[in-house]
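**Q** Numbering-wise, numbering that gives the first Met the number 0 puts 897 at position 898 of the sequence shown, and it's gapless, one number per residue.
Because the hints were derived from the structure by calculation, they are not lab data.
Backbone N, C-alpha and C define an ideal beta-carbon position, used for all residues, glycine too.
Please note that a few of the clues may not be correct.
What the hints assert, rightly or not - In silico BS3-like links for lysine-lysine, alpha-carbon gap of 27 angstroms or less:
| no. | residue 1 | residue 2 |
| --- | --- | --- |
| 1 | K504 | K179 |
| 2 | K899 | K871 |
| 3 | K960 | K949 |
Unchecked claim - Each pair of labels, with its calculated beta carbon distance range:
| no. | residue 1 | residue 2 | range |
| --- | --- | --- | --- |
| 4 | E1136 | D582 | 21 to 27 angstroms |
| 5 | Q932 | A856 | 48 to 54 angstroms |
| 6 | S703 | A65 | 29 to 35 angstroms |
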Amino acid sequence: MNKLWSFFALFILVMGFLMLYRNPTLIPEGFPYVAETFSSGQLIGKTNLSNISFIDKTLENGLIFAHQQGDERLAGIDESLGSGVCAADFNNDGWTDLFLVNGSGHTRYYGKAYWWQISQGNVLFLNENGHDFKNVTSESGLDKQIWGMGCLASDFDNDGDIDLFVTGKDINLLYRNNGKGRFSEVTQESGIVNGFWSTSAAAADFNRDGLLDIYVGNFISFNKGTKTFEANSQFTGEKKNTFDASLYQAQANKLYLNLGGLKFKDITAEAGVIDSEGRTLDVSWQDMNQDGLPDLLITNDRGSGSNTSYLNKGNNKFESGGQALGLHSALGNRGIASGDLDNDGDVDFIIASSMGENTIALVNQQSSDGKTFYKDRAREIGIGANQYLNLSGWTPIVQDFNNDGHNDVFLASGLLEPDPDTTKVSQGQHKQLLLNNHEGYYSDITKLVGNGLMDNQSARGVVAADFDNDGDIDLYVSHNNDLGQYLVNVTPRQHWIGLKLVGTKSNKDAIGAQVQLISAHGKQMKSVVSGEGFLSDSDKRIIFGLGDLSAIDRLIVKWPSGQEQTIKVSAIDRYWLIEEGRDYPHDLPHSQAGGGIKKLISLKFGIENAGVRLAYLNTLAASKPGDNDWQELQIASEDSDANVRHAVIQIASRYKSTQGLSLLVHGLEDVEAENVLAAIAGLKTYEDEASIRWLLRGFSHQSSAVRIALADCFAFFFQEEEAVVHRKYLAVSYLIRLLDDPVPQVRIAAASALANAERYRGIHSLQEHISDPDPDVRAEVVRSLGLIRQAQVLPKLKSLLFDQAQPPNVIANVFIALKRLGDADALKLLNVYVMAQDEFHTLDMEKRLDVFANIFAQEDDVAVFDVEQLRKIAHAVFANGVATSIGPNNLAKNWIKIWKSLPDKAGEHWLDNQTHSPRAEIRLLAFKAVSLQPDYYLSRAWNDQDITIKQWALSKMLKGKYTLSTEDYSAIINTPELRSTALQIWSEIGFHDQSSKLIEALLKRYGQEGRAELGSDIAITKMSPDRETARLDALKMICFSNKEDLLDFCPLVLFSENSVGHREIVTNILHDQSRSLAIRQAVLSRYNEDFDQNAINELYALTQVKKEVLRNAALQKLFSLDTDSLIDLADKIANNESEEADIRFQAIDFLMSRGRSSAREILYR
């Protein structure tokens, strides 16, 4: 019987496994479709990924714009919903420009602006040949400030240039383009009705009269503080109600019929498209039933309404089509994108969804009776999956990003609610890129595409356009209350063809046109669409990816007017202008420009030498760089030599500017960690909100030094109240993750930064890391918990005191943390601990003293205790008889630390005793610790027998410029360790004593050993009776010697005073090529006009000697002098092409410093 039950149980287990395998169980309730089983081809295709790559060039291309709406904290959906962006060629120069919608700036909770606040309205950036974008808002006429939401860019009056419709909260604006990007507002006379909260809009010629009509989606009647449908009676719930659109009354949408001349008529009610319960977020015009007329697809937020569609029946009438077409959904959706997802030649849709719901992929299908309907196949084709349910999508984009002939999908996401760490910014999420693998399946390649897509920012609108005219699709993403993002497509090139359609009978923009491309690979279909994407409108040009095809067969254009046209083109990899009714396309200018800046700096000579390029950059940086200089620096930031790139970073750090900021964020992605560290240091000084996105990326850098530097950078921002006021706290979550870093020093830096942040959210993670395996990490975690000042951690901290396995630095930090957290028993516990009383009676003295000494080692942190109270504890322990003898080394060391921090008579007496210790290590610590009679103890240390103690004393004396005796110098000369110490310090601070005593000591050491050992050509049988002559003879003996250890002292004594005899010796050494090169170089490095007024002539003479190895160094020295007498020499050398490049640079720099700015032109000849 047992065997039967076992067999039955096994059978149930196997069947259950099979059922799980065949039917995924993680599909949330409410999903109508279960994913189909993948074919092997689909599964294999998932790993066959093309190399798509995007680079974030927002700052590099001058797109300095951050959406602003709200106050110190986001208080409602009206502040976190916006905003959108439009991409179009507003000045008709062949380059796609950007119009960015802004909010009304910083506002109070109820919408009134602070009197002192300056807000920026909507912004127009003109594209300057794909290199940069220029802000021309003030001269464009588009500078009116509103509570902006979205925009629509189309030629509404068919005059050949792009007009603008801007949606907003309570007001919409219509602008006429007067030509060349100059606009006039015509809202009042246009017939556009205000007073609604409008979101997205889309244009189409739904009645085929050649004029673009506008459908405007409206949202909700919203005022903070008004009563709503109750969602949660608790305070925190009520706060969240302001972000829940379903609790507010929906507003009806508007359909405006274009009457011509930018005059519109509201025909919403008579057309039957009012959608009064919708809470609309996006609208799209598409011919969904393939009858040749544009229909409406509308997505709505959660509420009493649902997504819907209206079928165009002609004669300005529409009927609901959502249920019949399979488009009806009440789950709450956002942006719409259309495109052919399965390459079957018809239009499919991607619809973004809120968090907890999958992105929808509505695939166009035919029923058995030939009718069109749409089926959500998101899960079947990889666009929807459980792992994506956390994404709160806003704008999808359907485009062929790698030009392989198959559309891919991009999704921009972000939450409405404020970020928990910085409530001025909406909570961010990463973007998503899904690659079409040609087998009907989409693979998530987001992590492979570039760092820019992994940034956690709260995206809203997105536009797709070929901004640099290189034949692939770039993206611009708007972020709520944050800097936007310009993502340049740098995917390896494949063939392509671009089209700009111009209607004649149809509307000028050809919106609604469908183009079919016929090639050896089959057919592709694309449409000209308007207003797709949440609050946004993309460029109307079409790009077909061709992969490896070198030619196409033909193009078939179906115009909105109903006309069909077949076009043949003679070449690919360019843009073509196709006009309705004309069978011959025009090759557009700029199509081959590629948009990239030149990749070689303008320098003409020596450019192949990295040292020359480095010198060139230093020339540029001699004064504040101009626009051309910044462009040169930008090119140099891509240099193959790490030192050149490092120089760019240093220059950018020195001169604060938007161009410098761009170069520094570029430096964060340098392959050399040292350059990344330099960029972090530069950005730390900038304290710029715009840099945070790039700094946050660095937390995943492979170099632990970089991760530490970033943690320290944000620790600085946290500490400085006015530094990066809002976005610095976005680093909190990154720092929390760093607590699990494999490198202990990184964990320490993260804990320290979290302490400076003083954010409650860090407490839980810090508490978890009290048990970190590294004791230094544990100590820093304890310190951080104390600094955050949340009393709830007190029990956890106190428990560590009774863990005898905890090291002294951890316990010391516990006592400091207890005191900082206001624990009334902290001092009493410390006294009991150190005195080994009560629960701590078993602790040995070494451990207790180590803890007490470690408290003083915490520098500023020890200040939480009263010093007199600590002194009482110290005396109590000391009087207890534990320090009557030196005891073990550690005991003595700890008492030295304690008495050094608590100087008093008893402590000084004990420290004096330790300076007589038989152990040199203890004596050295004691000498360093005594504070009374420093000269006395320094003298004793200098006379100590231990060489380490003597070196310490010598260092103190030399840096303190003490007067030494001849015997002292003899000791230095005769002892290699002391000589090395002295020479190092003198090289740093100079020689400040009387040279005669040093010379005398040198003579004592070397003079008695005779000329043979010295190798000197100066015969000294006895010193001259004339003191000055004798001293000079001795100086010659030293400087003309062949002994290297004697020559080390030559520059010190030679330049210790300025006299005729000293100068003669100097010039002798400089001009005598038989002398040691090392001594000649050392003398030349110190030689200047202060020492010798004739220095210019001497140096000039040195430069005129053939094959003089010091010539270049002498020229460099000359060009460092402040005199006009060298202008002719500098001009001659600067123009001499046979001179070495670095010397020519020195000459040019000199000429420029003398006011000869034209000398810089020599660099470019």
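**Q** Run every hint past the structure and note whether it holds.
**A** Evaluation of the provided hints:
1. For the hint pairing K504 with K179, the CA-to-CA distance comes to about 24 angstroms; that is within 27 angstroms, so the pair holds.
2. Restraint check for K899 and K871: satisfied, since their Cα atoms lie roughly 15 angstroms apart, inside the 27 angstroms limit.
3. The straight-line distance between the Cα atoms of K960 and K949 is roughly 16 angstroms, inside the 27 angstroms bound, and the hint therefore holds.
4. For E1136 and D582, the Cβ-Cβ distance of about 58 angstroms falls outside the hinted range of 21 to 27 angstroms, so the restraint is violated.
5. In this structure the hint that Q932 and A856 lie 48 to 54 angstroms apart at CB is violated, the actual value being about 25 angstroms.
6. The beta-carbon spacing between S703 and A65, approximately 32 angstroms, falls within the hinted interval of 29 to 35 angstroms.
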